[in-house]
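Undergrad: In case you want the letters, here they are:
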Amino acid sequence: MATMLPAFSLADMAGGDRTFPTGAPALVCFVKEDCPTCNLVMPLLQAAHDAGEVPLLTAGQTVEGNRTLTERHGLTVPLLDDSTLKVSFAYDVETVPLVLLADGDGEEVDRLVGFDRAEWQEFFGNHLPGTQVDWESLPKWRPGCGSLTQDPVIAERLRAESENSPLRARKIEIAPADDVHEFLFDQGFTDGLPVVPPTPERVLRMLSGTKRDSQEVVAEIPPNYAPATVEKIAINAVLAGCKPEYLPVVIATVEAVCNKTFNIHGVNATTMGASPVVIVNGPIRERIGMNMGLGVLGQGTRANGAIGRAVRLAVRNIGGAKPGGTERSTLGNPMKFTMCFAEWEERSPWEPLHVERGFDAEDSVVTVFAMTSGPALCVDQSSRTAKQLAGSIGLSVEAAHHVRAHNAGDALLVISPEHVDTLRRDGFTKDDVREQIQKVTARPLAELASTDEAGGGISPERLAAMPEDRRNRPTPKFASKDNIHIVVAGAGAGKFTGVYHGWAGGAIGSMPVSRKIDH
Amino acid sequence: MATILDPTDERVPVARTVTPRSGTVRGNVALLDISKPRGNVLLDQLETRLAERLPDVTINRYAKPTFTKPAPDALRRDIRDANDFVIEALAD
Chain A
1 MATMLPAFSL ADMAGGDRTF PTGAPALVCF VKEDCPTCNL VMPLLQAAHD
51 AGEVPLLTAG QTVEGNRTLT ERHGLTVPLL DDSTLKVSFA YDVETVPLVL
101 LADGDGEEVD RLVGFDRAEW QEFFGNHLPG TQVDWESLPK WRPGCGSLTQ
151 DPVIAERLRA ESENSPLRAR KIEIAPADDV HEFLFDQGFT DGLPVVPPTP
201 ERVLRMLSGT KRDSQEVVAE IPPNYAPATV EKIAINAVLA GCKPEYLPVV
251 IATVEAVCNK TFNIHGVNAT TMGASPVVIV NGPIRERIGM NMGLGVLGQG
301 TRANGAIGRA VRLAVRNIGG AKPGGTERST LGNPMKFTMC FAEWEERSPW
351 EPLHVERGFD AEDSVVTVFA MTSGPALCVD QSSRTAKQLA GSIGLSVEAA
401 HHVRAHNAGD ALLVISPEHV DTLRRDGFTK DDVREQIQKV TARPLAELAS
451 TDEAGGGISP ERLAAMPEDR RNRPTPKFAS KDNIHIVVAG AGAGKFTGVY
501 HGWAGGAIGS MPVSRKIDH
Chain B
520 MATILDPTDE RVPVARTVTP RSGTVRGNVA LLDISKPRGN VLLDQLETRL
570 AERLPDVTIN RYAKPTFTKP APDALRRDIR DANDFVIEAL AD
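Protein chains in written order, with the working numbering: chain A, 1 to 519; chain B, 520 to 611.
Just so you know, these hints were derived from the structure itself, not from any lab.
Check the hints yourself; a few may be wrong.
What the hints assert, rightly or not - The following label-pair restraints were derived from C-beta to C-beta distances:
#: 1; chain 1: B; residue 1: 607; chain 2: A; residue 2: 12; range: 55 to 61 Å
#: 2; chain 1: B; residue 1: 544; chain 2: A; residue 2: 178; range: 23 to 29 Å
#: 3; chain 1: B; residue 1: 592; chain 2: A; residue 2: 92; range: 37 to 43 Å
Small disclaimer: the values here were computed from a predicted structure and weren't measured.
Heads up, the beta-carbon is just placed ideally off N, CA and C, and yes, glycines get one too.
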């Protein structure tokens with residue numbers, strides 16, 4: 001039965017397209033540079049090219065290899081770029097060199113595999129009689145080499161591509177005698193707690209949570225600056241225990257933390273132990289069952305726990321940030337396991353966070369903050385006026401980093417319903433709360449200097465060198481009111497505000513980033 | 520055989536980790552006969568030599584039911600729980 005060879009179009013080294021079939025007989029050849037037998041036959045292919053009896057379409061399996069072969073053998077026969085290996089795969093090339101003679105319609109007439117001198121001599125005698133070769137100078141036989149398409153990892157990828165599978169990640173087989181969970185720990189894929197094994201079935205199910213292409217690159221994650229494809233993020237979402245409907249939030253969060261403004265590299269690396277705090281706003285909160293009420297900043301809700309964890313695992317596994325490597329936190333921080341929650345927009349008298357940051361109320365949005373500690377609780381059950389309470393929260397926030405550290409970074413306040421009621425009763429806006437915090441924390445720099453009894457703050461020498469008016473100028477805790485971020489969440493009962501302390505703020509450190517969730 | 524997808528950027532080959540070597544042998548040493556012919560002869564010799572050189576070490580002998588299959592879970596657990604080291608004889 002006649003074998004029709006697959007049609008193809010490949011670029012030569014000059015960038016020109018070479019297509020097959022050509023309408024005339026042609027030799028289709030497959031070679032790779034690191035194969036000694038391919039190197040042995042290259043002068044023969046060049047001789048056939050020189051004789052000009054049949055045009056050659058010679059596909060090399062790597063770009064660099066094509067360049068090397070051309071230089072090494074002084075070739076003028078054009079080498080075509082099959083570095084994607086798609087044509088080699090379509091031809092099911094097992095061994096190189098492979099030489100196929102086709103007629104003008106693309107039907108296979110004859111073939112050579114490896115190097116058997118007698119076979120090659122007969123082939124040339126039959127099809128290329130005008131090509132001069134000194135056959136006696138050549139060895140009698142040399143085995144061919146495995147085509148790159150036979151490399152197990154590459155073969156897996158090529159098969160997935162040809163079947164249009166959304167799964168392209170490396171498959172890892174775990175021996176029956178191995179405990180799957182112990183294996184996952186041993187490979188360093190976890191954050192120290194057990195993970196859900198990311199089987200192909202689970203990852204496919206996870207990918208059903210998004211309409212995005214599995215191979216779309218969402219971000220590049222430092223320190224490796226590795227491409228975070230939707231598939232890789234989905235694998236980490238499985239590890240973390242996510243449901244498919246959480247995946248759009250995880251994707252948007254990975255995109256947000258990898259924004260240069262957020263500076264995830266610095267956030268991971270700092271000895272201060274910063275970590276992303278993830279806040280979700282908009283309709284998706286209800287749809288995926290996020291907690292914004294009782295115990296909102298703690299354990300117990302799958303969506304909150306798993307989304308934050310998936311982001312951390314993606315950063316760890318895809319980006320390569322691991323404790324002891326580029327994660328250099330002195331004390332660490334439990335938020336490095338997970339910290340994600342939703343704002344209880346309906347319980348707030350104010351615009352929700354995402355609307356404040358320029359989105360529509362109906363948008364679902366994720367916002368990330370780099371925080372080093374928290375939630376530190378402001379316990380105030382006695383303030384009865386908004387002014388008192390905002391001032392009281394201000395005094396609590398002043399402890400961020402160090403009570404004498406003013407102009408230091410950002411703070412994120414999670415105000416509970418009972419506290420927000422006190423603020424609402426007196427008509428306080430978010431901005432009024434920020435004003436009052438700045439007011440109660442404004443202290444002359446002279447009061448923020450280190451003393452013999454307690455260090456920290458400005459050094460006495462630096463203070464002494466300041467002009468008097470500067471020494472006495474009241475300086476609030478934050479460089480700007482914009483450094484104070486406010487959301488509402490928590491149970492209906494309890495007069496508390498949770499305070500997250502920031503890291504280095506502004507352009508030198510990290511600034512909050514919001515991303516719309518595509519769902 | 521469980522199959523999982525690699526959650527990393529795939530720049531590092533998947534590797535099995537080896538328990539750190541302490542540099543000294545003390546405590547209990549398991550000698551595991553995989554039930555290949557004459558494996559017991561090798562292990563007998565090894566036991567004699569170990570007893571001479573490391574008199575404080577306790578040697579425990581184990582055998583797999585058959586060399587053609589992995590050790591049963593219970594046997595692997597027994598060896599792990601009762602020993603600090605294990606030497607497996609792959610005699611042929």
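Undergrad: So, for every hint listed, does it hold in this structure?
TA: Hint check results:
no.: 1; hint: B/607 - A/12: 55 to 61 Å; in the structure: holds, 56 Å
no.: 2; hint: B/544 - A/178: 23 to 29 Å; in the structure: holds, 26 Å
no.: 3; hint: B/592 - A/92: 37 to 43 Å; in the structure: holds, 42 Å
Violated hints are absent here; each numbered hint is respected by the structure.
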